[in-house]
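Going down the list, the protein sequences come from chains A and B. Heads up: the first sequence begins at 1 in my numbering, then just goes up one per residue. Heads up: the second sequence begins at 309 in my numbering, then just goes up one per residue.
Keep in mind that the hints were calculated from the coordinates and are not lab data. A couple of the hints might just be wrong.
Okay, the calculated beta carbon distance ranges per label pair [said to hold, decoys possible]:
hint	chain 1	residue 1	chain 2	residue 2	range
1	B	Arg-582	A	Lys-150	53 to 59 Å
2	B	Thr-315	A	Leu-127	16 to 22 Å
3	B	Met-369	A	Ser-120	37 to 43 Å
4	A	Asn-117	B	Phe-443	32 to 38 Å
5	B	Ala-488	A	Met-103	36 to 42 Å
Remember, it's a predicted structure, so these values are computed and weren't measured experimentally. Glycine included, every Cβ here is placed at the ideal spot set by N, Cα and C.
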Amino acid sequence: MQELLRRYGSGLTLIMCLLVAFWLLMLVIVPNITLFEQSFRPYLPVSEIGGPRDVYSANNYLKVFEGQVTSSLFGIEFEIPVRVRTFLLTIWYSMVVAVLCLMLAYPLAYYMAKIVNPKSLPTLILLLFIPLWVSEVLRAFAWWIILAFKGPLNALLLAVGLIEDPIRWTNMGFTGVVIGLIYTYVLFMLFPIYNAIQSLDTNQIEAAEDLGAPWWKIHWRIVIPHAKPGIASGCVMVFMLSAGSLLVPSILGSTTSQWFTQTINETFNDALDWNTASAYAFLLLILCTLFVSVAMWLFRVKLSDIAK
Amino acid sequence: MHKTRQTLAHVYMVLFLIFMLAPLIVMSGAAFNDSKLPSIVPWRGWTTMWFSEMIADERMMWAFANTLWVAVAVALISVVIGTASAIVINSIAGRARTVLYGLMISTILIPGVVIGISTMILWTKMGNAVGTEFFLFNPGLHLSVLGQVSYIAAMVMLLVLARLQSFDAGLEEAALDLGASHAQVMRRILLPHLYPAIGAGAAVAFFQSIENFNVTQFTRGGADTLTVYVFSKVRAGITPTINALAFLLICVTLVLAVIYEINRRRRARIEAAREAEARRAEEAML
Chain A
1 MQELLRRYGS GLTLIMCLLV AFWLLMLVIV PNITLFEQSF RPYLPVSEIG GPRDVYSANN
61 YLKVFEGQVT SSLFGIEFEI PVRVRTFLLT IWYSMVVAVL CLMLAYPLAY YMAKIVNPKS
121 LPTLILLLFI PLWVSEVLRA FAWWIILAFK GPLNALLLAV GLIEDPIRWT NMGFTGVVIG
181 LIYTYVLFML FPIYNAIQSL DTNQIEAAED LGAPWWKIHW RIVIPHAKPG IASGCVMVFM
241 LSAGSLLVPS ILGSTTSQWF TQTINETFND ALDWNTASAY AFLLLILCTL FVSVAMWLFR
301 VKLSDIAK
Chain B
309 MHKTRQTLAH VYMVLFLIFM LAPLIVMSGA AFNDSKLPSI VPWRGWTTMW FSEMIADERM
369 MWAFANTLWV AVAVALISVV IGTASAIVIN SIAGRARTVL YGLMISTILI PGVVIGISTM
429 ILWTKMGNAV GTEFFLFNPG LHLSVLGQVS YIAAMVMLLV LARLQSFDAG LEEAALDLGA
489 SHAQVMRRIL LPHLYPAIGA GAAVAFFQSI ENFNVTQFTR GGADTLTVYV FSKVRAGITP
549 TINALAFLLI CVTLVLAVIY EINRRRRARI EAAREAEARR AEEAML
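Please work from the sequences and hints to get the whole structure.
What follows is the structure in structure tokens.
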């Protein structure tokens with residue numbers, strides 16, 4: 001603090017501190033406190049707000065447990081509240097997306113860091129970046145076209161002879177959503193891992209090769225441990241982006257693939273029940289906080305390593 | 309064995325590139341297909357009618373204008389807040405720094421849905437409490453700007469902070485000793501050093517804002533931005549006008565990418581020529 005005052009004087013320091021305070025208080029902390037407070041209030045007509053019925057309760061959170069549906073897992077059928085099911089499926093499929101992204105991105109990250117000719121690397125990165133600059137909604141829309149019943153993917157597969165009848169891709173549970181999320185977010189896995197592998201000394205790999213280690217052992221014992229912070233960062237980013245995505249599940253989802261953000265959106269924008277929506281949003285926030293904490297603990301990385 | 313693995317790696321790279329770029333080609337192709345549904349199969353012949361329909365689509369043009377001003381506003385505010393935060397973070401230490409820094413970067417990880425709802429509730433509630441009709445407290449794109457700034461500022465902050473690491477604080481000391489005012493130190497010494505990072509931050513903020521859907525969807529009131537408009541179109545009967553728009557955006561991206569690439573190659577060539585020159589000079593000296 002003295003540093004700031006001495007260098008920039010009291011006027012500038014005050015302005016800078018006010019800016020930081022405005023950001024953190026007015027745009028981050030106070031809104032989230034309001035969200036938390038609001039989530040315990042009942043949904044009332046305007047005239048009754050502040051009236052005798054406007055009291056705190058956990059009713060909004062309990063709404064998560066309303067409405068049972070039958071679901072089955074490994075052939076066992078059981079009853080489960082519909083929103084709990086949505087919540088769990090969102091977590092599950094976000095994890096699936098993160099793992100698939102990791103499997104897709106890791107080989108390419110290694111290729112970019114260690115195999116490719118360094119001269120052509122910038123061109124490759126530029127090509128990979130092009131989809132990232134085209135907005136997310138258009139990327140999801142592109143897959144909407146591709147996966148359509150009479151779309152190019154079915155036409156291609158039919159022409160090659162891999163399938164005999166066109167497949168309804170967007171009507172197969174979460175298939176469309178998972179494909180769309182992978183396409184949209186795989187680069188958020190690729191670049192952190194690439195950055196991590198890049199700093200690995202190639203001599204280590206060569207030494208292992210000279211000593212006769214098979215290729216999978218080199219990856220398992222040398223490359224992956226070194227890339228761990230990148231992998232952690234990529235997994236957290238992809239999971240958070242997927243779980244929080246509203247566009248992709250809405251555009252590519254089928255009738256049976258409800259995403260938790262869609263539930264929040266319907267409650268907020270269609271039912272106009274802001275208080276219940278706050279409760280759901282708060283649940284999503286808790287989930288994400290928990291996930292990041294577990295990932296940080298599991299991979300032993302710091303928050304500053306994840307959000308780079 | 310080594311050779312086969314190399315070849316496999318190259319093949320994988322090509323497949324990955326196809327996976328990333330093919331959807332964009334399909335989407336662009338559908339902009340020229342004379343079919344009411346956006347697709348490239350069956351091909352019904354070339355047409356440019358979707359482009360003229362896009363220009364005639366007033367709602368889309370409004371959405372486009374909205375997107376632009378929101379993005380410019382977000383970029384401006386994020387750059388100011390992000391730069392100030394980076395300077396503050398850089399000159400404090402200890403526990404306060406850890407807490408503040410953690411708080412700042414955690415905003416990147418908050419889901420957009422949560423940011424959108426919380427921003428909307430806070431400002432409309434404040435409006436109700438004060439009992440004013442002032443526009444700031446009503447739903448609208450200005451709230452989207454505030455919501456987007458709350459996490460985009462953190463990205464700018466990270467970029468500027470990285471640049472600050474290479475800043476020599478001695479320069480500021482020297483200027484102060486020589487009698488410069490605090491404002492002069494900021495304007496003539498610190499900020500010029502930060503300009504590259506500030507420029508990069510502004511660009512990142514601008515594009516992040518154009519991309520944004522989640523925050524906007526919950527705070528926009530009745531106004532449209534491009535992402536929201538395209539989204540509503542996909543849900544309620546879509547026409548290839550969207551493809552025409554996508555094609556134009558992809559073209560802009562491609563042109564920018566090509567310019568960047570040519571620039572980079574030219575700089576690499578100059579660099580290589582300089583190195584060769586230096587080597588020759590060294591040899592001549594020997």
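Could you tell me which of the hints above the structure violates, numbers in ascending order?
-> 4, 5
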